[in-house]
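For the record, the sequence lines run as chains Z and D.
At position 170 of the first sequence the residue is numbered 169 (numbering that gives the first Met the number 0), and the sequence of numbers has no breaks.
At position 211 of the second sequence the residue is numbered 210 (numbering that gives the first Met the number 0), and the sequence of numbers has no breaks.
Wrong hints could be hidden among the right ones.
[Stated by the list, open to error] Listing some non-contacts, in silico: residues in chain Z with all C-beta distances to chain D over 12 Å:
1) Glu-64
2) Asp-86
3) Asp-158
4) His-165
[As the list claims (entries may be wrong)] A short, non-exhaustive set of chain Z residues, derived as facing chain D with CB atoms under 8 Å:
5) Lys-19
6) Leu-23
7) Leu-54
8) Glu-60
9) Asp-108
10) Gly-109
11) Gly-122
12) Pro-219
13) Thr-222
14) Asp-225
15) Leu-256
By construction, these hints were calculated from the structure, which means they are not laboratory data.
Where is the CB? At the ideal position from N, CA and C, for every residue including glycine.
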Amino acid sequence: MQHHIDKKMFHIEILSPKQKSQKLEEDLASFADKYRRAFDAGHVICIPDNPMGNLAFQGIELIQELGLPVHGDQVSVHINTFHTKRDLDAMLTAACDLGISHMLVISGDGSPRLPKLTGKEVGYDVEAVTSVELLRYIRREYPGKFHIGVAFNPYEPQDHELEKMHRKVDAGAEFITTQPVIESHPAVESLWQFGLPVVIECWMSKKIHLLSECVGYEIPEDTPYDPVSNLQTLMAKYPKCGFYLAILGFKTQFPILKDVWK
Amino acid sequence: MKIVVCIKQVPATHEVSIDPETKRLKRESVEAEVNPFDLYAIEEGLRLRERFGGEVVALSMGPPQAQWALREALSMGVDRGLLLSDKAFAGSDTWATSYALARAVETVGAVDLVLCGKQAIDGDTAQVGPGIAAHLGWPQATYVSHVQDAGAKHLTVTRMNEDGHDVVQIDLPAVLTVVKDINTPRVPKLRDCRTALRAEVAVLTADAVRAEPARIGLDGSPTRVVKINPPPPRGGKTLVLDGSPAETARRLVHELRMKSLV
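The whole structure should be built from the sequences, with the hints applied where relevant.
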């Protein structure tokens with residue numbers, strides 16, 4: 000993971016098509032195009048797992064079905080706790096077969112349409128499976144197969160968030176990816192204590208108000224925001240970190256990435 | 000076992016509005032989805048097919064765009080989809096709708112079992128399933144939460160009631176309406192969704208199912224909606240957790256996680 004940072008490889012999030020798409024083939028073609036462009040440019044492709052509880056196709060099945068290239072280092076799939084045990088195992092086995100080596104394990108967002116893993120299924124006596132149990136399960140069942148990262152939320156009460164982070168690290172986390180950070184956040188520096196590579200999420204949409212729910216306060220819709228400028232600020236502030244680009248614009252922003260992180 | 004699952008396309012929003020003139024739901028420009036309760040009926044049909052063999056046919060009545068509901072059923076694994084669609088059906092109430100669906104079931108022929116969700120989330124009447132049974136002259140079991148066993152000529156099912164549950168044996172052919180406790184609907188795979196998009200959805204007209212004109216559409220609908228009022232707002236539900244602080248905290252976290260609030 001550290002070599003992603005050393006080699007200045009951005010983590011580029013590519014949202015997968017939604018299950019309900021009525022123009023699925025068009026959406027798949029767009030996904031594949033973005034994937035290949037990011038791949039060819041040497042970045043790390045990150046595919047979320049049903050973000051916000053919206054049903055979307057899983058990253059691993061997209062790679063399989065679309066025949067997309069995989070270089071273990073350049074693909075990081077997200078896996079959350081809203082799967083059946085059978086589907087989870089199928090995904091992890093397929094990831095091994097494809098040679099996908101990086102994974103971000105998160106608790107995730109549920110919805111009535113999504114099943115939830117139980118503690119009993121993954122072999123832990125807990126009322127609700129979180130990223131900690133999921134991480135432990137993957138470490139136990141697929142030893143040495145994946146480099147697994149975990150999420151950090153600087154907007155949560157920090158004593159609780161750091162206590163969770165200790166448990167995630169104890170469970171075998173190898174890198175940490177934050178929620179979106181605007182310019183800087185003091186909580187990020189508390190992560191240095193873990194001695195793990197840290198990847199900071201940068202929100203690349205101009206619609207900064209969409210982060211209101213994430214940060215926990217209302218951001219007015221007309222708030223001016225320059226994503227590229229924010230990325231440059233973050234890179235200057237956190238020179239030893241990697242950067243996860245969410246909602247990246249492939250028409251205008253992607254072409255200039257090579258000049259942003261030289 | 001030949002199974003017909005009746006499904007309905009409903010507005011995918013809780014912000015439904017009602018035409019003040021016609022007193023009917025305004026369905027234009029609203030994203031649509033399969034009635035959530037019908038997903039459980041589809042899943043149960045698929046599980047019964049896995050247990051006992053046979054065929055599962057998804058049947059829906061509606062305008063041409065209702066084909067998307069059938070395609071979702073196809074992506075989950077039903078064998079074929081039938082769309083009952085004809086201008087002659089316009090304005091049908093639950094009685095006329097259940098008559099038309101019953102005619103379609105008879106057109107399919109040699110059906111052993113009809114499955115429906117317990118109700119649709121738009122009209123909320125829970126009348127169409129029982130109406131189909133009435134028009135076919137078949138026995139019915141409503142609010143079914145478990146299919147225990149099946150013989151050549153009967154099913155043993157558990158049905159929920161206000162005080163608990165009943166275990167009943169029902170002769171085939173029969174109609175069941177199911178509740179969401181019965182199973183966890185599967186999430187379709189990408190490959191199945193792509194196949195479903197290319198699949199043929201047969202369209203049945205009123206003539207094709209030999210529906211009598213006087214029994215469908217407005218002419219066949221005895222229901223007259225004379226006034227609609229919004230229900231009074233629901234009061235907040237209080238959940239009291241007792242026990243030790245550690246246990247209470249654990250249960251609180253569990254409750255919040257199950258609602259995807261943390």
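Can you name, in rising order, the numbers of the hints this structure does not satisfy?
Structure breaks hints 1, 2, 11, 12, 13, 14, 15.
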